[in-house]
Amino acid sequence: MSHGNMKITLKVWRQKNAKINGQLVTYQLNDISPDMSFLEMFDVLNEQLITKGEDPVAFDHDCREGICGMCSMFINGRPHGPKNKVTTCQLHMRSFKDGDTIVVEPWRAAAFPVIKDLTVDRTAFDRIIAKGGFISVNTGNAQDANSLPIPKHDADKSFEAAACIGCGACVATCKNSSAMLFVSAKISQLALLPQGQVERVARAKNMVAQMDAEGFGNCSNTGACEIECPKGISLENIARMNREFYVANLKD
Amino acid sequence: MSFTFAIANRNRSNNHIIMSNTSKNFLLSSIGKKLVMGLTGLFLISFLLVHCFLNSFIFFNDGGLMFNIGAAFMAKNWLIRAMEVVLFVGLVWHMVQALILTMDNSKARPVKYAVNNATSNTKWYSRSMGVLGSLLLLFLVVHLANFWVKSRFTGLPGEDANGNENLYAVMQETFRIGWIIAVYVGGCIALAYHLLHGFPSAFQTMGWNHPKYNRLILITGTLFSIIIPLIFAAMPVSMYFGWVN
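Chains as they are written, first to last, in the numbering used here: chain H, 1 to 252; chain U, 253 to 497.
For the record, the hints were derived by calculation from the structure and aren't laboratory data. Errors might be hidden in some of the hints.
[Claimed, not checked] Okay, derived cross-link-like pairs now, BS3-like style, lysine-lysine, Cα gap no bigger than 30 Å in a straight line: (1) U:K375 - H:K11; (2) H:K175 - U:K359; (3) U:K359 - H:K157; (4) H:K231 - U:K364; (5) H:K85 - U:K375; (6) U:K328 - H:K175.
[Claimed, not checked] Here chain H is said to cover these stretches of chain U; the calculated rule only asks that three of the stretch's residues, wherever they fall, bring their Cβ under 8 Å from a Cβ of chain H: (7) 345 to 359; (8) 375 to 383; (9) 453 to 461.
We put the beta carbon where it would ideally sit given N, CA and C, even for glycine.
Using the sequences and the hints given, assemble the complete structure.
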C-alpha cells in the first residue's frame, strides 16, 4: 500500500439500534491512500475510533473480493458508490479526490431495517429465496449431462440471472424500494432451465407473494436497479418475472 | 445406471403442498397492480390516437365542416357512447391505482436518504410520473369544462352549413383566450413526458421485453410521445393565431 496522502471528510450514519433515531456524524481522515478500498478506509477510521475509546462504525463485509454481496453502503447518493458494476469492497479511494466530503448511509427500505450504523437486516431476501422452495431432482447417480439438452441461449440467460449476489443495491437505489430485480433474477435462473419446470408456477406465485409480504415497493420501470446492480442483472428479468407471474395466475 | 428413490416422489408431493397457492388476490399483488397501470395506460394511449385523428379534421381548414361531421359521428354512434363510459372507468382506474401504488411505495421507504443522486441512474420524468399525471388531471378539468360539458350537457351554439352541431365554433371561441392556450400547451408538454416513460414502461410491465423488439418499442414510444402531443398542441395554437379558421 502506498503512503497515504488523501484528506477525506466522512459523514457517516450512526445509529445505535433499530429503535433509536440515528444521525450523520462527521469524521476527518488525513492519511488515506488512494490504493485503499473503501472498506479499508473504514478500517482506518475504526482503528482511530477504537484508539480513542469510541464505538467503531458497524458495517457489513465478508469476502472483500466482490462476490459475496455482504458489503452495502449508500455512498454519495448511490449504492456501492460512484462506479458502475462494482461492490463497495471493490471501490477504491482513487475514485475520489483529495479533500472530498463523502456521505455514507445504510440501505434505506422498510424491508431492510437498520440493525446498527450501516448494517441493515436483509433476511427478507432469505425468506423470499426460501419461498422459492426446492427443485425436484431424482436421486441416485447424476444422469449424463448430455441427456439434458439446454439451448445455449437459455443457459447463458440463466447464468446471467444467477450472478445476482443478493446485495440489495437494487432495493437501495429504487425510488420505491422495490425488490423486483432481485426476485426476478431468482425466478429467472430456474424458470429458464429444465430442472426448474416442475415447481415453476408455484415458485413464481410464492416468491412474489413473499416479496409483497415483506413490504418492498412496486416497480415503476425507472431502470435505476439495472444501472446500480454490481452484477449487471438485466431488466429483462423483471419482464420475465411478470410473464411467469401472469401465466402462473392463469394456470393456478 | 439410474434409479429413483421413493423419497424423491414424496418430496415432490410435499413440495406441492408447501408450494401450492399462497399468493393473495391477483389484483392486490404488486405485479397485478402494475398490470392494471400498464393496461389502462395502453388503453388511454389508444384513446389518444383516435382523439388526435378526429380532431386533426380541423386542419382541412374548411370552416370546421369535416370536423363537425366527425364530431357528429362520435356523438351518435352507440359503440362510441359506450366506449366513453369505458374510457372514464379506465381513466379513474388508472388514477386510483396510481394513488394506491404511490402510497405503497412511500411506505416502503419511511426514512429517506440525506443524499440521493437519482439523476445518475434515472430520467427525471421517470421519477415524476405522479406529478406529470397530476398536471394532466388539472388540464383535463379545464379541457372537459371547455368542450365535453358543453357538448353533452349545456348545449352547442347552433348548426353548421351541413346541419351538424357546431362543436368547431366552440373551439374557435375557446382558443381565442391567451391563458387557455398556455394551459393546453402546458398540458401537451406534460403529456409528452408522461408518455415518454409510460409508453415503453407499459410494454415492460406486460412482459414484452425482447432484445429483438426493444429498440422498436423505444423508437415507436418516443415518436408517439413527441408527435401526438405536438399535433394536439398545434390545434389551439393554430386557431389562436388564425392559421385555421
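Comparing the hints with the structure gives:
1. U:K375 - H:K11: The hint holds at about 27 Å.
2. H:K175 - U:K359: holds, 11 Å
3. U:K359 - H:K157: violated, 33 Å
4. H:K231 - U:K364: holds, 25 Å
5. H:K85 - U:K375: holds, 19 Å
6. U:K328 - H:K175: violated, 46 Å
7. 345 to 359: Since three or more residues must qualify, the claim that chain H covers the region 345 to 359 of chain U holds, with 4 doing so at under 8 Å.
8. 375 to 383: holds (count 4)
9. 453 to 461: Three-residue rule met by the region 453 to 461 of chain U, so holds; n is 7.
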